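S.K.: With these hints in hand, go ahead and build the complete structure from the sequences.
Chains as they are written, first to last, in the working numbering: chain A, 142 to 478; chain B, 142 to 478.
For the record, the hints were derived by calculation from the structure and aren't laboratory data.
Hints should not be assumed to be uniformly reliable.
Where chains are identical, the list cannot tell them apart; a pair therefore holds if satisfied intra-copy or between any two copies.
[Stated by the list, open to error] List of simulated lysine to any residue pairs, SDA-like, C-alpha gap at most 25 Å: (1) Lys417 - Glu303; (2) Lys434 - Asn355; (3) Lys182 - Val472; (4) Lys434 - Leu419.
Since the model is a prediction, treat every value here as computed from it, not as a measurement.
2 protein chains.
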Amino acid sequence: MSNSLLPSLALVAVWPAFAAAKEPAVPQVSLAVHGGIAAEKRELNDELRDTLRAELRRALQAGQAALDKPGGGSLDAVEATIRVLEDSPHFNAGRGAVFTHEGRNELDASIMEGKDKRAGAVASVTILKNPITAARAVMERSKHVLLVGRGAEVFATKAGLEIVDPAYFWTERRWRDIERIWKKEAEGDKKAAALIKTEPWSTVGAVALDRAGNLAAGTSTGGMTNKMFGRVGDSPIIGAGTYADNKSCAVSATGHGEYFIRYAVAHDIAALVEYKKLPIEEAASTVILGKLKPAGGEGGVIALDAHGNLAMPYNAVGMYRGYVTRVGKIVVLLHEQ
Amino acid sequence: MSNSLLPSLALVAVWPAFAAAKEPAVPQVSLAVHGGIAAEKRELNDELRDTLRAELRRALQAGQAALDKPGGGSLDAVEATIRVLEDSPHFNAGRGAVFTHEGRNELDASIMEGKDKRAGAVASVTILKNPITAARAVMERSKHVLLVGRGAEVFATKAGLEIVDPAYFWTERRWRDIERIWKKEAEGDKKAAALIKTEPWSTVGAVALDRAGNLAAGTSTGGMTNKMFGRVGDSPIIGAGTYADNKSCAVSATGHGEYFIRYAVAHDIAALVEYKKLPIEEAASTVILGKLKPAGGEGGVIALDAHGNLAMPYNAVGMYRGYVTRVGKIVVLLHEQ
Numbered sequence: 142m143s144n145s146l147l148p149s150l151a152l153v154a155v156w157p158a159f160a161a162a163k164e165p166a167v168p169q170v171s172l173a174v175h176g177g178i179a180a181e182k183r184e185l186n187d188e189l190r191d192t193l194r195a196e197l198r199r200a201l202q203a204g205q206a207a208l209d210k211p212g213g214g215s216l217d218a219v220e221a222t223i224r225v226l227e228d229s230p231h232f233n234a235g236r237g238a239v240f241t242h243e244g245r246n247e248l249d250a251s252i253m254e255g256k257d258k259r260a261g262a263v264a265s266v267t268i269l270k271n272p273i274t275a276a277r278a279v280m281e282r283s284k285h286v287l288l289v290g291r292g293a294e295v296f297a298t299k300a301g302l303e304i305v306d307p308a309y310f311w312t313e314r315r316w317r318d319i320e321r322i323w324k325k326e327a328e329g330d331k332k333a334a335a336l337i338k339t340e341p342w343s344t345v346g347a348v349a350l351d352r353a354g355n356l357a358a359g360t361s362t363g364g365m366t367n368k369m370f371g372r373v374g375d376s377p378i379i380g381a382g383t384y385a386d387n388k389s390c391a392v393s394a395t396g397h398g399e400y401f402i403r404y405a406v407a408h409d410i411a412a413l414v415e416y417k418k419l420p421i422e423e424a425a426s427t428v429i430l431g432k433l434k435p436a437g438g439e440g441g442v443i444a445l446d447a448h449g450n451l452a453m454p455y456n457a458v459g460m461y462r463g464y465v466t467r468v469g470k471i472v473v474l475l476h477e478q
Numbered sequence: 142m143s144n145s146l147l148p149s150l151a152l153v154a155v156w157p158a159f160a161a162a163k164e165p166a167v168p169q170v171s172l173a174v175h176g177g178i179a180a181e182k183r184e185l186n187d188e189l190r191d192t193l194r195a196e197l198r199r200a201l202q203a204g205q206a207a208l209d210k211p212g213g214g215s216l217d218a219v220e221a222t223i224r225v226l227e228d229s230p231h232f233n234a235g236r237g238a239v240f241t242h243e244g245r246n247e248l249d250a251s252i253m254e255g256k257d258k259r260a261g262a263v264a265s266v267t268i269l270k271n272p273i274t275a276a277r278a279v280m281e282r283s284k285h286v287l288l289v290g291r292g293a294e295v296f297a298t299k300a301g302l303e304i305v306d307p308a309y310f311w312t313e314r315r316w317r318d319i320e321r322i323w324k325k326e327a328e329g330d331k332k333a334a335a336l337i338k339t340e341p342w343s344t345v346g347a348v349a350l351d352r353a354g355n356l357a358a359g360t361s362t363g364g365m366t367n368k369m370f371g372r373v374g375d376s377p378i379i380g381a382g383t384y385a386d387n388k389s390c391a392v393s394a395t396g397h398g399e400y401f402i403r404y405a406v407a408h409d410i411a412a413l414v415e416y417k418k419l420p421i422e423e424a425a426s427t428v429i430l431g432k433l434k435p436a437g438g439e440g441g442v443i444a445l446d447a448h449g450n451l452a453m454p455y456n457a458v459g460m461y462r463g464y465v466t467r468v469g470k471i472v473v474l475l476h477e478q
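M.R.: Shown next as structure tokens:
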């Protein structure tokens, strides 16, 4: 059995155990969530910290309830978990999405199940309340995998999904961020504008393993603050931000999307598990710490294998994250390892 | 040395040698091209067949000229090769793009280089004459990897790339295809409409290896005839339709894009080469014949490793394709194996 919540010895220097002290035996996990790469500690006051913890816990509870329902599967759990964070104004997905350079909110999401490797995704959508539900609808109710822009919106509208006015995605905190950047840019200080990074890579995602042994993964994001019109990151890209295969693992990523696309991060972790027979924690940290970090690609993943072993490596100050063990214990972590 | 143009014994039943009889030694290849999965033989007259051969040869000559130039690299070769096929009305990319369900031409393309694994892509663009050049501009002149729709068009326009009226992409042959489908749909015969498949998965792509040992790959497409508004296939998806890594290989795919995304085909072939140390022809046929075919995913790839070994497996009636050997010999193939 692999000690998936403990680092391998070779990695101990860069990747300290984040839960080792808390649980003597290695817990088997049924569900995990991430809320993106954390802001610097000093940027969070106690109130916001508590709110983030509470929201992550609420998301895990919703996901676990979906898993526990008769007939409930890992796809239901992933969707339910992510919907809670999409509906929260505190994460960069759904309601709390960051603004593009043009002051819009363009959302992306993807979902995949590990049994038949079916997948669905939407990108650059502006009126869909829950992009993760739209991604699932693309998977289950269209012949396609990826729909973008207006086409995705027309499909989701016809499918009866919840449509909102783009103003729904306006939140004061995100608007202040983009205004600060615009101000610096107007002053001609592009360097200062580029340095304004509050939660630069905050995306949400979930992975789950159900009683039938089926894995699923999903990811949802508002993208990068101040991103170029039409820029799509890794979140809606199957193989980059999301992957699930019962033969290996389920992965959801958060980070500097361009690197995650170029390194096909989610699929690469699955390939290391399947082809090199690496334990999940070694596969995930090989990619996040061994490949992305030297290349300058900030981010992290949650990765769950078919036996319930979980890895959550990241190469940044922290990652908002949590998991539910097979016996129902919920653990939520922000900066602590 | 691997006999990359010969099938492994285990695969001989399903994948007969396609060039074995022509060249006694296994040729090392510097450049390869594909023009998509072939139409049924009976759908091509001699004139069209000759035209396709001539265009593929012309594309290879343009690519090889780019490789032979002082300072010319594999990226230049891939771009030059693909531009010839984009400018031809006979392939489903650029000028000859098929029509969407709404009667539009929405183009996708991607490019990647194997040294630093940089990549660029555009999707759902309607006014860019050469999407492959736009993909390269995204890679070299933006901080992003994937730009879609109007955002990609604005970027390409500012970058000074060639813009055309959408009518440029109107060709009589493709228009007749979509008209036939609309007619059947109007008659309420969706089944018959779905059966109208002329060159259903025809996309173009190239892979190259330059004297410095750098691999590159690129893919360009007009997508599926009658595709849903906003549907994006595998061609602009790094890891699905295109991948390049000097550590393993360069891959460009053509086929039923949804399967190529779900199976992360291009990256999976690279992973089999890097992690399982499979020879390129075994890696490529494992994915195309061993995984996609049983799942119902029609298509093929061209895959070139860092030693110049080429594989071109496909699980369909034929694949328009060709290559240039290190000694400058050009080979073009349609249905023959």
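S.K.: Against this structure, judge whether each hint is valid.
M.R.: Evaluation of the provided hints:
{"no.": "1", "hint": "Lys417 - Glu303", "verdict": "neither (43 Å within a copy, 45 Å between copies)"}
{"no.": "2", "hint": "Lys434 - Asn355", "verdict": "between (31 Å within a copy, 23 Å between copies)"}
{"no.": "3", "hint": "Lys182 - Val472", "verdict": "within (19 Å within a copy, 61 Å between copies)"}
{"no.": "4", "hint": "Lys434 - Leu419", "verdict": "within (19 Å within a copy, 28 Å between copies)"}
In summary, the structure is inconsistent with hint 1 from the numbered list given earlier, while agreeing with all the others.
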